[in-house]
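One letter stands for each residue in the lines below.
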Amino acid sequence: MQATITTRSFRDRWKGWTIGAALLGVLLLGAMAIYRDIDVDVYSSLPDVFLSMMGIPEGADVGVLSYAAVYGTYGAMTLAGLAIATGSASIAGEERNGTIGLLFANPTSRTQVLVAKAAALVLLAGLGAVILHGAGLFAPALLDVSTSGTYLGALMFHMFVNALFYGFMAMAVGAWTGKGPIASGVSAGVMIISFIAAGLLAAPALAQFNGLVRVMPWNFYNGSDPINNGVDWGDMAVLIAGIALFVVIGVIGINRRDFRGRTTGVTLLDRLRSHPLTATVAERLAGSSRVSQIWIKTASEHQGLLLITSAVMFLLMGVIMGPLYSLMDADLLSMADGLPEVFLALFGGGNMSTPEGFYQLETFGMMAPAAIMTATITIGAGALAGEEARGTMGLLLANPVRRSTVLLQKTVAMVLYGATVGFAAFAGVAAGSLMGGLGMSISNIAATSLLATLVGIVIGSLALAIGAATGRLSAAIAGAAGAAILFHLLNAFLPLSDRFAGYAKWSPFYYYLTSDPLVNGMHWGHAAVLAGLTIGLVALSVLLFERRDLRKNG
Amino acid sequence: MTDQFAIQTEELTKHYGKVRALEDLTLDIHTGEIVGFLGPNGAGKTTMIRTIMDEIRATSGRASILGMDTHTHSVEIRKHIGYVPGDLAMYPNLTGRDTLTYFSNLRGGVDWGYVEVLADRLDADLSRKVGDLSTGNRQKVGLIQAFMNQPDLLIMDEPSSGLDPLVQREFQTMMRELTAEGRTVFLSSHTLSEVQRVADRVGIIRQGRLAVVESIAELRSKALRRVDLAFDAAVDGSVFEQFPGVRDVVVENHHVSMSFEGQMESLLNLATSRYTLVDITTQEADLEEIFLTYYHDEAESV
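Chains A and B, in that order, are what the protein sequence lines are. Take the first sequence: its letter number 352 is residue 352 in this note's numbering, and every next letter is one higher. Take the second sequence: its letter number 60 is residue 1060 in this note's numbering, and every next letter is one higher.
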């Protein structure tokens, strides 16, 4: 019985893991090809804070650099992300789908089910690590790159254990609460915060915080530099102990509570609605206003996500960075002279010695578009594919509204979400600049935030288009997120090589930071390209959606 | 625009790759009648309904609702109809009232007094979130949604799933009231008893093809049923064996039992003309037997 549950859970998920790992393998091949083409000595002159952020050890050669950049950071985060998705779906997912009752109609104990799900997670993470390891051996052999002195197996083992740590955290939270979004949100939050903190605080410039680094889970994964030094059994023991603890917590959690039926979430508005003081106003907001238009209803569906991503962008990536920069300023300045042009291009010409360059690296380079895209992809994919997966599209379209009207109204909600997170980033960075006394141009911050919002909306429109074409929620989310990572990396790596630099223009991200808007202000031409892409994708979505058979269910 | 037909399909065909979900389906439904659409699971009932709702597009053939083409005029059509999809799914986070308000807004408003009346008649709780409702209570919200704009045509795919018998009866009354006003109801079902009670005509669909369209009375007379006749003396079974529509005759002393398909009157005439009939029991044909009859015939004709 347990073996059956393990096998089924494995079969439900193996495709996602295989595609994710294979994609990373391809990226490794591409990164190695480009690194082989350029002078990698530039990296030795980079500031520590950047190197530790990216998990790149000192004195790295082509092989180490590729492993560290593609596997060490993106790879580890992808594996951990897949583990979180799998872990949070283990128990909470069955409850959301309403299948938990059926599952427990079989003669198995709750503990047995949890253990079976845990075994599936271990197998899946193992599958991912094996594929990555294979690609890690294949790429250098194909490109004739030396990898002597590197411990690929050790890195894989660290990544495997690291992924399981977050996966089991998600499983434990899911088993305890029965709520998938909370399980994945908490685990992903811990992962991202500990990733940023472990990288940032480990820099010598912030020596006073180094003690804090020791408690960051991400540090136990790569603090010992496994690609150069092999497995650190002490650090691994800590993570494995953490995994064991999560299993125990999960077993206790799943045994102590009532299972949920098909779940309905409780939103902030619902709480206000039931409170006597706020009932009248909230009733109008949550009730009649909320359902007055398709776009308003769509926008009301992911309040939690919007609230969290906006708050993270505003506080963590915006406000806090300003005063932090003031602390680090002197050290960065002294290093800035040695930075080669070719490297600066990676971050759109940002200069680390200036607050603009710092904000570009920390906030706008990756986190701002990622946060905006989280919002736009969620709405873009959910707009059509989500409504079809939940089986409500038939009912919605039984009303006298055109398919194109539904699509355009949902696009409005998506743009609104992107703009809200983009505005939070703008407000946060502007406040951070003021608090840190950095004197950055407010209009340039606005311009950069606007371009970030536009690039996020382009990717959201891509999710919309995939959803319009296929009606499949998972295809829309995975396709858009995968394309975003690919486009981001293309734009980051291609300009390093003279041969490939021109191709970067094919990535939407080229039109985001290449013009260096934090320094130079708005580049309306690039904004127009992004806006045009959005219009094109939305128009394409209308065409695709109008002529397609609706899916009956997910 | 011809007002005579509520729904008309002409050789409506839908293929999914090699799967023939719907094959040359031609059907006329007049205004003011209730038509039941019967068939086992997977026969093509839902495919047909989704096609005329423009959710999916026909491979060939055409369909019209209230005289308008179901594809080119789908938005205009939807102003005049109410629809309950099969496997009804709604927004779990909205209350029943929010859900109805949403659809009412998309329709440009409905009479809320009527909504309250409907909710009252079906005993529906509109204050709770749809996701927290049981299947039957959720279905009630779906039904109110379909009735609330007082549609000229109601299209419903298995509308009474999950409803308790009392509510089912009320729902049937509501359908009849609608047709009394000259409106039309088209519903699919796999339970004959429901269709039997409410429908004027029945279409039976099998493997994507329309096997038969008939009035309920005709269908009943055609249906195979078990008949037991008891006489005051021993009888000759061959008399019944030769009678058209009779099968599987078993004679047991004074009793004769048989399967019969046809007008009951003629069989009784035969029985009483020769012997003295003491007792009669008949078992009403259930859906399964009717299906078997039509499926049997079709298998023979192929």
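Rather than coming from a laboratory, the hints here were simulated on the basis of the structure. Heads up, the beta-carbon is just placed ideally off N, CA and C, and yes, glycines get one too. Where hints are given, some of them may not hold.
With a cut-off of at most 27 Å between alpha-carbon atoms, the simulated DSSO-like pairs for lysine-lysine come out as follows [claimed, not checked]:
no., chain 1, residue 1, chain 2, residue 2
1, A, Lys505, A, Lys15
2, B, Lys1129, A, Lys15
3, B, Lys1079, A, Lys179
4, A, Lys179, A, Lys552
5, A, Lys552, B, Lys1079
6, B, Lys1018, A, Lys179
7, A, Lys179, A, Lys15
If you want a taste of the chain B side facing chain A, the calculated C-beta under 10 Å gives, among others [said to hold, decoys possible]:
no., residue
8, Gln1004
9, Phe1005
10, Arg1050
11, Arg1062
12, Met1264
Checked hints:
At most 27 Å may separate the alpha-carbon atoms for a hinted pair to count; lysine 505 of chain A and lysine 15 of chain A exceed this at roughly 31 Å. Pair hint lysine 1129 of chain B plus lysine 15 of chain A does not hold up; C-alpha atoms about 35 Å apart against a cutoff of 27 Å. Distance check on the hinted pair: lysine 1079 of chain B and lysine 179 of chain A sit about 39 Å apart at the alpha-carbon level, beyond 27 Å; violated. Taken as a hint, the lysine 179 of chain A and lysine 552 of chain A pair is honoured in the structure, with Cα atoms around 26 Å apart against an allowance of 27 Å.
A threshold of 27 Å between alpha carbons decides the hint, and for lysine 552 of chain A with lysine 1079 of chain B the separation of about 23 Å falls inside it, so the pair holds. Pair hint lysine 1018 of chain B plus lysine 179 of chain A does not hold up; C-alpha atoms about 41 Å apart against a cutoff of 27 Å. At roughly 24 Å between alpha-carbon atoms, lysine 179 of chain A and lysine 15 of chain A fall within 27 Å of each other, so this suggested pair holds. The interface hint given for glutamine 1004 of chain B is violated, since its Cβ lies 23 Å from the closest Cβ of chain A, which is over the 10 Å cut-off.
Contact between phenylalanine 1005 of chain B and chain A, as hinted, is not supported at the beta carbon level, the nearest pair being about 20 Å apart and thus beyond 10 Å. Because the beta carbon of arginine 1050 of chain B sits about 7 Å from the nearest beta carbon in chain A, less than 10 Å, this interface hint is met. With its C-beta approaching chain A no nearer than about 16 Å, arginine 1062 of chain B sits outside the 10 Å limit, and its interface hint is violated. The interface hint given for methionine 1264 of chain B is broken, as the beta carbon of that residue sits about 42 Å from the closest beta carbon of chain A, more than 10 Å.
When the structure is compared with the earlier hints, violations turn up for hints 1, 2, 3, 6, 8, 9, 11, 12 and for no others.
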